[in-house]
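S.K.: Sequence:
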Amino acid sequence: MYIRKLLLTSILLSLAVFAFAQPANNAVISGYLKDASGSPIPGASVKLHHTSANAISTTDGFFSIRNVRPGKHVVTVSAVGFKTKEQSFEVKAGEEKLLHITIEQSISEINTVSVIGRSASQEVNRQAYNVTAIDAKKLYNATLDLSHALDRVSGIRVREDGGLGSRMNFSLNGFTGRQVKFFLDGVPMDNFGSSFQLNNVPINLAERVEVYKGVVPIWLGSDALGGAINIVTSNNQHSYLDASYSFGSFNTHRSTLNAGYTAKSGFTVQVNAFQNYSDNNYRVRVNVADLKTGEYYPHQWVRRFHDTYHNETIIANVVVVGKKYADKLLFGITLGQNYAEIQTGARMVSVFGNWHRRGDIVMPSVKYQVKDLFVKGLNFSLTGNYNFGHEQNIDTVNRRYNWFQQYEPNNGAERERSMYKFSNNNGISTANLSYKINDHHSFVLNDVYNTFNRKGKDELFPVDEKYDQPKKVSKNILGLGYKFDYSDKWNTSVFVKNYAQRNRFSQSYNPSGNWGDVAYRALETTFNKLGYGIATTYFIIPALQLKTSYEKSYRLPETEELFGDMINLEGNTDLKPETSNNFNFGVNYQAHIREDHRFSFDANFLYRDAKDFIRPMLNPNQTKQTNGNLAAVTNMGVDGEVRYSFRQLFTAGVNLTYQNLRNNTAFEDGQKNRSPLYRDRIPNMPYLFGNADASLFFKNVFRKGNNLTLGYNFLYVHAYYLSWPGQAEEKLEIPRQFCQDVNLVYSLSNGRYNVSVECKNLVDNRLYDNFTLQKPGRAFYAKLRYFISK
Numbered sequence: 001m002y003i004r005k006l007l008l009t010s011i012l013l014s015l016a017v018f019a020f021a022q023p024a025n026n027a028v029i030s031g032y033l034k035d036a037s038g039s040p041i042p043g044a045s046v047k048l049h050h051t052s053a054n055a056i057s058t059t060d061g062f063f064s065i066r067n068v069r070p071g072k073h074v075v076t077v078s079a080v081g082f083k084t085k086e087q088s089f090e091v092k093a094g095e096e097k098l099l100h101i102t103i104e105q106s107i108s109e110i111n112t113v114s115v116i117g118r119s120a121s122q123e124v125n126r127q128a129y130n131v132t133a134i135d136a137k138k139l140y141n142a143t144l145d146l147s148h149a150l151d152r153v154s155g156i157r158v159r160e161d162g163g164l165g166s167r168m169n170f171s172l173n174g175f176t177g178r179q180v181k182f183f184l185d186g187v188p189m190d191n192f193g194s195s196f197q198l199n200n201v202p203i204n205l206a207e208r209v210e211v212y213k214g215v216v217p218i219w220l221g222s223d224a225l226g227g228a229i230n231i232v233t234s235n236n237q238h239s240y241l242d243a244s245y246s247f248g249s250f251n252t253h254r255s256t257l258n259a260g261y262t263a264k265s266g267f268t269v270q271v272n273a274f275q276n277y278s279d280n281n282y283r284v285r286v287n288v289a290d291l292k293t294g295e296y297y298p299h300q301w302v303r304r305f306h307d308t309y310h311n312e313t314i315i316a317n318v319v320v321v322g323k324k325y326a327d328k329l330l331f332g333i334t335l336g337q338n339y340a341e342i343q344t345g346a347r348m349v350s351v352f353g354n355w356h357r358r359g360d361i362v363m364p365s366v367k368y369q370v371k372d373l374f375v376k377g378l379n380f381s382l383t384g385n386y387n388f389g390h391e392q393n394i395d396t397v398n399r400r401y402n403w404f405q406q407y408e409p410n411n412g413a414e415r416e417r418s419m420y421k422f423s424n425n426n427g428i429s430t431a432n433l434s435y436k437i438n439d440h441h442s443f444v445l446n447d448v449y450n451t452f453n454r455k456g457k458d459e460l461f462p463v464d465e466k467y468d469q470p471k472k473v474s475k476n477i478l479g480l481g482y483k484f485d486y487s488d489k490w491n492t493s494v495f496v497k498n499y500a501q502r503n504r505f506s507q508s509y510n511p512s513g514n515w516g517d518v519a520y521r522a523l524e525t526t527f528n529k530l531g532y533g534i535a536t537t538y539f540i541i542p543a544l545q546l547k548t549s550y551e552k553s554y555r556l557p558e559t560e561e562l563f564g565d566m567i568n569l570e571g572n573t574d575l576k577p578e579t580s581n582n583f584n585f586g587v588n589y590q591a592h593i594r595e596d597h598r599f600s601f602d603a604n605f606l607y608r609d610a611k612d613f614i615r616p617m618l619n620p621n622q623t624k625q626t627n628g629n630l631a632a633v634t635n636m637g638v639d640g641e642v643r644y645s646f647r648q649l650f651t652a653g654v655n656l657t658y659q660n661l662r663n664n665t666a667f668e669d670g671q672k673n674r675s676p677l678y679r680d681r682i683p684n685m686p687y688l689f690g691n692a693d694a695s696l697f698f699k700n701v702f703r704k705g706n707n708l709t710l711g712y713n714f715l716y717v718h719a720y721y722l723s724w725p726g727q728a729e730e731k732l733e734i735p736r737q738f739c740q741d742v743n744l745v746y747s748l749s750n751g752r753y754n755v756s757v758e759c760k761n762l763v764d765n766r767l768y769d770n771f772t773l774q775k776p777g778r779a780f781y782a783k784l785r786y787f788i789s790k
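Each residue of the sequence shown is one higher than the one before, starting from 1 at the first, in this note's numbering.
Here are the simulated lysine-lysine pairs, BS3-like style, with alpha carbons at most 27 Å apart:
hint, residue 1, residue 2
1, 324, 436
2, 611, 624
3, 421, 457
4, 72, 92
5, 472, 611
6, 47, 92
7, 138, 704
8, 34, 92
9, 611, 529
10, 83, 47
11, 376, 324
12, 624, 421
13, 85, 97
14, 552, 576
15, 34, 97
16, 472, 457
I should point out that these hints are in silico values taken from the structure, not numbers from a laboratory.
The structure displayed is predicted, hence computed values, not measured ones.
Input sequences plus hints: build the corresponding full structure.
M.R.: Structural data, given as structure tokens:
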């Protein structure tokens, strides 16, 4: 509460002082730089003639210059790879002038055709952090969601329980689940709920997706243990419409609508909406016991019959830019709902026919940015959002099902009789203050505050005290960073973070010893630690970059890990924060051979030494998943990618990841003998996997401006054990996986109209991400997309 009051007071004071700090007779000019296609141009220099005033455009192409004297002026815009442009304008006293400037490329460069590559932003590309980016715009005609696009990046493995909308587990270089943090335009996504997850958000929402492996920049303030994903949405200040609809196997329908309108004053309205629906009634191969006769039928092909999923979401933003009181002020609202039928438990031996869940999201948000606050180079931003949404678990049918859809009475419910409806009352605020002293020295201060308070009731058990027990978490991450830019060849960043968390909950006990006597005792745990790190990069030659980084990082248990998700994840309030010493070394090389052939090589070597490692496992009766601490874990691994392209005709790439996670706990608590599991590979974790892709491009097919693309993607995952290798006589394993996808995209009128068809899992292999939980077989999809921009 104190921190929130402090942040509110700070911004009010900043607004008041900043508003009165401007000379009344001077003007403000701001604007957006874009290329001929409408894409923003970051890192461009904007200089005002006959003055010392200048600005550098941000990642969305925005620039601002204050204290401009009234009258006629000229600005010069220059950027690498573009022609220098001068533009004249006139301002009046006190006016806020907004310019829209389009500059042309200086040479006829060949556009990159690789789907996955380095970040489009020069600023991001030259960081000391190990960052890879997906250019999402290249994938707008595909039926991919964000999670499956990320699944093609080296070091990343996305695991799902089934089809569209199923529970997802994300792994980056051996760190999994909440050890990897997700951000939307730099804002943590911890409180978005089930209606807004990576595997139900279409790729069309993003402009690019940045993948930080290992050490995370201080401005992405959070307790990420092994990396972060930052989804960057479009900030183009122009009017546009991008609409698509796809349909295919298992009665799947997905649609998106992205639209924006920008007035001459810079006032902008943006709307992003998407919808997903699927019956998920794909075939699975299972063993079935007849509930009527008791006869056993092994290896039967049956269809999933209770797995329908749908969600609908809309995001609306109103943006004002270039004002005296703010360079950017955004007010937004996210509204959404989802419905999911639950077909199985943590293993396919548990079958359900009526149990389902619902969820919704009602989340207002605000973002405030001001540049050159008080002094040149001092920038301040503040964001906040609060999710008023609900989740509900509905299990009321007195039945036990099998895969033949037969059922018998089952003690009032399929698993646990419930209509529990709850709200997580989750809010996040972030504050970021950066100061660039000069071209060599800059500082950044970042603070992220997260609050959580789960409250709910069950109308079936209105007086049950367990629903009144507290489930509260407050978390604050405060970070300070310094960056030294010695030259274009070398820069280094150092930082320190303070991690603080307070958990409040209750625990049941029997005070009298009599059967059915239940009481609750209130408990509280706190945590406060310091972490630190360093990242540096050096360009041996312009095409060859070396990167290395180290971080002492902490990751605080998340709310679902502590209290469960009320479905297939069981909470564990005994979880301790995990910590890790993370080392990274990266190499990036890019070569152009006579402009016809382009070649790139990217490799990352890593070492992780983690304590109290939080990992997923099955609960004692193997019906749910839960999480537990493992005393010590090490991971030594490597991931790399090689890409090649020829003119604008062909591109291909391959990536491979190996991660050697080992149990480093020599002696278990209370044991004198060395653990038999010491140095065993961590189970239920893929350790060798990779992707390959290739695309052919045909220009002006049938008509000028019509283009045809043929694409192929191959996924490989090596087999891995479900449990410790020597723990059971029968070693249960998740088998080796092969998956092949092919697609065809035909774009008309220079991309205004687009038609695509895809076949996923071409040879119809049986696929598993988790033990016995089968994913869809061969499937066909088609997508129609329309895009126009002014």
